[in-house]
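Trainee: Here is how the chains run, residue by residue.
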Amino acid sequence: MGADSIPIAEPIARLIAEFNKLPGIGPKTAQRLTYYLLRVSNEGAKTLAEAILAMKEKVSLCSICFNIADSDPCLICRNEERDQTKICVVEEPLDIIPLERTKKYKGLYHVLHGVITPTEGVGPDKLKIKELLHRLQGGLVTEVILATNPNLEGETTAMYLQQLISPLGIKVTRLARGLPFGGDLEYADDITLTRALEERREA
Amino acid sequence: MTTPRVYKTEAIILKRINLGEADRIMTLYTPQLGKIKAIAKGARRPGSKLGGHIEPLTHSLIMLARGRNFDIITQTQTINSFLPLRNDLWRTTWGLYACELVDSFTEERLANRPIFDLLLNTFNWLCEANNGENILRYFELHLLNYLGYRPQLRQCVTCNSPLQPIPNFFSPHQGGVLCPNCGLQEPVARPLSVNALKVLRLWQNSDYTTARRIRINPQLASEIEQVMREYIRYLLEREVKSTAWLDKLRQETQRIVVDNLTKPN
Ligand SMILES: [Zn+2]
Ligand SMILES: [Zn+2]
Chain H
3 MGADSIPIAE PIARLIAEFN KLPGIGPKTA QRLTYYLLRV SNEGAKTLAE
53 AILAMKEKVS LCSICFNIAD SDPCLICRNE ERDQTKICVV EEPLDIIPLE
103 RTKKYKGLYH VLHGVITPTE GVGPDKLKIK ELLHRLQGGL VTEVILATNP
153 NLEGETTAMY LQQLISPLGI KVTRLARGLP FGGDLEYADD ITLTRALEER
203 REA
Chain A
1029 MTTPRVYKTE AIILKRINLG EADRIMTLYT PQLGKIKAIA KGARRPGSKL
1079 GGHIEPLTHS LIMLARGRNF DIITQTQTIN SFLPLRNDLW RTTWGLYACE
1129 LVDSFTEERL ANRPIFDLLL NTFNWLCEAN NGENILRYFE LHLLNYLGYR
1179 PQLRQCVTCN SPLQPIPNFF SPHQGGVLCP NCGLQEPVAR PLSVNALKVL
1229 RLWQNSDYTT ARRIRINPQL ASEIEQVMRE YIRYLLEREV KSTAWLDKLR
1279 QETQRIVVDN LTKPN
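Chains H and A, in that order, give the protein sequences. Just so we're aligned, residue 3 is where the first sequence starts under my numbering, counting upward by one. Just so we're aligned, residue 1029 is where the second sequence starts under my numbering, counting upward by one.
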C-alpha cells in the first residue's frame, strides 16, 4: 500500500512489512515501531534482534506435552513432584499460563495446538490427539481434565475427546463451569479459573 | 435498501473468525438483509457482554452501528441458543454443516427470507433428532430450491420425456435426472435408483411434517447423500469443508461400535 506509492528507503519499508505481519499490528503501528527503532541506539537494536534469534534457537516443543519449552522434556513434564495421574488438555501453550498462575493445579498438561473447526476443515488429525491417546496408554493417568475454551469449537473438541477417552476407563472432566460461554481461556482471571478447576464436572 | 446509522436485526450466527487481540468478525444471516459481516469488539474476553450471544448456532437479536468496512455489533440478546444442538457432538456437526452451506451459497446483503426461515426450522428439527441425515437432505433440497438450483426430478432434463419408475441417471451438470437413453450418453451422470428418485421427489414437494415420516434404509440414505453431495460440489465448484468432519465422525463411531462387538465380555 503506502510503501509502494511513497518513496521510503527499502530497509525501512522491509521492517514495516515485517511488523505488519504480527498479530494485532496494523500498518500504522508497524510504521510507529519502525520509526521508533530508527532512533534507538545500535546496542538497543542488537539486543532486540538477538532476543528474537535466541528465542527461536533455544525454544522448541516438549515432545511429551507439546508445550513451548527451552528443554525437552519441559520443566513441568520433568518435575516428579507433579501429579502424574492427571493431564489437563488445553488448546494453545498460552492457555497453560493462567492455569499455572492459580497454583491450584499440580498435574501435567497436554497442548493440542488448535481446536476442531469443521467449517475451516480443521479435523482431529491436525491436532496432537493421537499423541494424547498415546500418553494415556501407560495406565498411570486416571483423570483427563478438558480445558478447551468454552465456545462451540472448544465444546466440540471436548465432546469428541470424551468419546475417545471414556471407553479407556479414565475419568474425563470438563473445566467449563464458571467460565462464560464464548470467551477465551487466555483472558480468564485467577478467581474464575480456580473455581472452574475446583468445580470441574464429569464430561 | 439503505441501512440507517444504527439498526437492529434478528440474526442466525453462521460463523466467526478471530481478528486481532480479542475481536471477532461475525458472519450473520438475517431475514431482511440476507448475509452480513460485522465486527464484535472484545468478544473473546470472558467479561464481554457480546460473547455467548454470538456463538455459531445461535438465534439472536443484534444491534449494529454502520462502520466503514464492517458494521459493528453494539448489543446482543439471545433469542434461542439451541442447547440440544450444542450439547451433542453429532447435532453440532449437522448444524454447522447447515450453516456452512448457507454461507457458501449466499452473497452478502442479498435478502432471501425463506432461507432464514428454513435454517431456523432446521435447527429446531435437529434439536429433536437422533438421526439428522434425512433432515439435512430435506434442508439441502429446499435451500437449493430457494437459490434457484431446484433439481429437475419430473422429466428427463435432455429429452423432456416423463421419467419412468426404472433406474435412471442423475446429472449434476444439468441439474436433474436423465432417462436411461440420455443417461447412457452422458459420461458424468451417475445411476439413480427408483427408490432414491421417489424419496427425493417426495422431500422436494412436501412440507417437513410429511417428509419426516419417511423411513429409509442406510443404503438408500447413502445413495441420496452421494447424489446431493455431487450436485452441491458441482454448484460450489468445491467440497463443503465440514463434510470431511462428518465422514470422520461416522467412521470413528462405526469403529467404536465394531470395537464393542469384538470385545469379549
Ligand atoms: Zn512437557
Ligand atoms: Zn431423456
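In short, the hints are calculated from the structure, not lab data. Be aware that a few hints might be false.
Below, in silico cross-link-like pairs of lysine to aspartate or glutamate (EDC-like), each with a Cα-Cα straight-line distance of 20 Å or less [to be verified]:
id : chain 1 : residue 1 : chain 2 : residue 2
1  : A       : Lys1269   : H       : Glu133
2  : H       : Lys30     : A       : Asp1051
3  : A       : Lys1276   : H       : Glu201
4  : A       : Lys1036   : A       : Glu1136
5  : H       : Lys30     : A       : Glu1049
6  : A       : Lys1276   : H       : Glu133
7  : H       : Lys128    : A       : Glu1136
8  : H       : Lys132    : A       : Asp1275
9  : A       : Lys1065   : H       : Glu122
10 : H       : Lys132    : A       : Glu1049
11 : H       : Lys130    : A       : Glu1280
12 : H       : Lys128    : A       : Glu1280
13 : H       : Lys128    : A       : Glu1267
14 : A       : Lys1276   : H       : Asp85
15 : H       : Lys23     : A       : Asp1051
16 : A       : Lys1269   : H       : Glu122
17 : H       : Lys23     : A       : Glu1267
18 : A       : Lys1077   : A       : Asp1051
Trainee: It remains to establish, for every hint, whether it holds in the given structure.
Mentor: Now for the hints, and whether the structure bears them out:
1. Taking the CA atoms of A/Lys1269 and H/Glu133, the gap is near 25 Å; set against the 20 Å cutoff, the hint is violated.
2. The hinted pair formed by H/Lys30 and A/Asp1051 meets the criterion: a straight-line CA distance of about 18 Å does not exceed 20 Å.
3. At most 20 Å may separate the alpha-carbon atoms for a hinted pair to count; A/Lys1276 and H/Glu201 exceed this at roughly 32 Å.
4. Restraint check: the Cα-Cα separation between A/Lys1036 and A/Glu1136 comes to about 17 Å, which is no more than 20 Å; the hinted pair holds.
5. Proposed proximity of H/Lys30 and A/Glu1049 is supported: the alpha carbons are some 16 Å apart, at most 20 Å.
6. Restraint check for A/Lys1276 and H/Glu133: the C-alpha separation of about 18 Å stays at or below 20 Å, so the hint holds.
7. Proximity of H/Lys128 to A/Glu1136 is assessed by CA-CA distance (about 31 Å); at most 20 Å being required, the pair is judged violated.
8. For the proposed pair H/Lys132 and A/Asp1275, the alpha carbon gap of about 18 Å is at most 20 Å, so the pair holds.
9. About 17 Å separates the Cα atoms of A/Lys1065 and H/Glu122, which keeps this hinted pair within 20 Å; it holds.
10. The suggested pairing of H/Lys132 with A/Glu1049 is violated, with an alpha-carbon distance near 30 Å, which exceeds 20 Å.
11. For the hint linking H/Lys130 to A/Glu1280, the alpha-carbon distance of about 17 Å falls within 20 Å, and the restraint holds.
12. Proposed proximity of H/Lys128 and A/Glu1280 is supported: the alpha carbons are some 16 Å apart, at most 20 Å.
13. Taken as a hint, the H/Lys128 and A/Glu1267 pair is honoured in the structure, with Cα atoms around 18 Å apart against an allowance of 20 Å.
14. With a CA separation close to 34 Å, the supplied pair A/Lys1276 and H/Asp85 exceeds the 20 Å bound.
15. For the hint linking H/Lys23 to A/Asp1051, the alpha-carbon distance of about 17 Å falls within 20 Å, and the restraint holds.
16. With a CA separation close to 6 Å, the supplied pair A/Lys1269 and H/Glu122 stays within the 20 Å bound.
17. For the given pair, H/Lys23 sits about 30 Å from A/Glu1267 by alpha-carbon distance, which is inconsistent with the 20 Å threshold.
18. Restraint check: the Cα-Cα separation between A/Lys1077 and A/Asp1051 comes to about 13 Å, which is no more than 20 Å; the hinted pair holds.
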